[in-house]
Amino acid sequence: MTPEPLLEVADLRVRFGARVEAVRGVSLTVNKGETHCLVGESGCGKSVTALATMGLLARGAVRSSGRLRFAGQDLTNLSERELSKLRGDRMAMIFQEPMTSLNPAFTIGSQMAEVMQRHRKVTRAEAMERAGFLLFKVGITNPALRLGQFPHQLSGGLRQRVMIAMALMCEPELLIADEPTTALDVTVQAQILRLLAGFQRELGLGILLITHDLGVVARVAHRVSVMYAGEVVESAPASQLFANPTHPYTRGLLASVPVPGKIARGSRLGSIPGTVPRIGPGFAGCGFRDRCGHASEACAGPIAVQQAGPDHIYRCQLQASWPQDQAA
Amino acid sequence: MTKPAIAIDVQDAKRLFTQSAGAFAGTRVVRAVDGVSLQVREGSCFGIVGESGCGKSTLARLIMGLLPLSSGDILVDGQRLSAMDRKARARLIQPVFQDPFSSLNPRHSIADLVGLPLTAQGIAGRERGTRVAEMLERVGLPGAIANRQPAQLSGGQRQRVAIARALVLRPRIVVCDEPTSALDVSVQAQILNLLADLQAEFGLTYVFISHNLAVVEHVCDEVAVMYLGRIVEHAPTAELFETPTHPYTKALLASVLTPEPGLGIPDVGLGDAYPDPANIPTGCRFHPRCPAGQPPCITETPAPRFGAGRMVECLLAPPPSTASVSPV
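Chains as they are written, first to last, in our numbering: chain A, 1 to 328; chain B, 1 to 328.
Misleading hints may appear alongside valid ones.
Cut-off 20 Å, straight-line C-alpha distance, at most; resulting in silico cross-link-like pairs (SDA-like, lysine to any residue) [as the list claims (entries may be wrong)]:
(1) K262(A) - L253(B)
(2) K262(A) - V256(B)
(3) K262(A) - L263(B)
(4) K262(A) - A196(B)
(5) K262(A) - G271(B)
(6) K137(A) - R194(A)
(7) K262(A) - Q19(B)
(8) K137(A) - D267(B)
(9) K137(A) - P266(B)
(10) K262(A) - P266(B)
(11) K85(A) - A50(A)
(12) K137(A) - K262(A)
(13) K137(A) - G271(B)
Calculated directly from the structure, the hints in this document are not laboratory data.
Working from the sequences, and respecting the hints, build out all of it.
Okay, here's the thing in structure tokens:
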């Protein structure tokens, strides 16, 4: 028997008003010690999926879900109070832009200590000590100095390290990271990703990593789900997805990334024509069909989820063996 | 084959900023561009890479004449940039900026935005209308878009508008400062393909600034690596990527995450000393972060060494040899 996943999301839907359905039946699981990458372009619903999972959707957004379970606990019928007990404690989140998610009016130390004092019976001094310890762990030299500083006194890379340290204050089991390295330099990005991988090994952390960067996905993911227009269009173990991308959108994405040494310099990059459609409730068929080179009439009807291999699913009419060289 | 003419000749350019460090602390001097020399050949694409804060955007502004030099000289087409009037400069050099959301006035129609450089040169009426329409078509935008406002466009369309505006005066040089950093990968591929087409069609010279090395590798003929206001290595693209000699170039290249699973996250070994352009280290300015640093690097300032079409500024790197020259 396989153990119960740490996070299980099934048939998650999020609507904004009557006209926009941002997430349309997303299912995914995150196991202990596993990194699940949710990849897609802006507007595909990946961030909304993360926020809905954490119960952090803005007012006006309506979530409905077949199943939303965290460590065996059903999140759908928890009260806001019970949810906020979980958040920051057993499940934590890191956002893209650390400048906007840190409070500019409080010191780093007081913001970090607050997280712990909220969830644990600890004194301020104990919380500060842990904050200093974690700043040291995330590679910040002179933590004592940093604890007394304000967010604007830190560089972007340091602020993102602070966010990670803050997320780890209560030793969470699940970390949801929304584009944690997108605003950072490549050199700092590599350092931050190494750091996260180290904590994962140490604490058995389950990570749901949201990104648009296929390079990051390839290097850190155990499992990848590709989102397009509110749906997961392909999901597979990382090595499978890169070796055998099956959905036309996944192939299009992979073809549009320049890779030094692999794609000839100056040659044309593959690109996906058109733009993402706006999809409301009641939309039928494949959301990608307007941009897909292989669309047929069948694509306007219901699309079945097919198997491309063990544990590798995709949502498309095409047979899994359609020719690779005809990428979109 | 005759040697192509030099479009841009930057001679020991320096730009310093004074910054108030607080009410009682006096001022500090930020050496954003600290003695840069480079030559951009007519019709080529010249890449400048480096981390945030290395001075690459300041250098771009100097080349466009948007900022005066503190010392040194910049010749464009053999004329001193500082001696040209604004109108003449605008006919010669045009910018494309990173963020099409903030570089386009949200209250203006697309036709007005693209036509503005023409108006500024005293071109109005029917001729202006025709040239705007031509250019919109050339960058792949439907004519119907002319009366819309930027907010009604997608990010990729907005960047096409910015490109149309840059090219409407038929300049010879376009300075692209992170032109695709705010875009999704599939749209980035469209824009890079468009820039390549336009370069071939109009014989443009590009200065291409980016922190994305994979993109730079794909589009540029030559690449200069900037660190704390200076160019530390400069070489033809293929050679720079195949045989980087400066430790900083090596670290930058190592931190590029290509979509190849199983390679893991690189350890770039740059440590935690973040560069501060207001407090430039003695000796080699890279020595506090250099994984290969030796005692002389702390006191001895490396001089640029030239050879075989390359330049490197490092005490330890082997002098550029003729062995790595590829036949032109």
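Requested in this report: Please write out, lowest number first, the hints stated earlier that are contradicted by the structure.
Outcome: Those not satisfied are hints 5, 7, 12.
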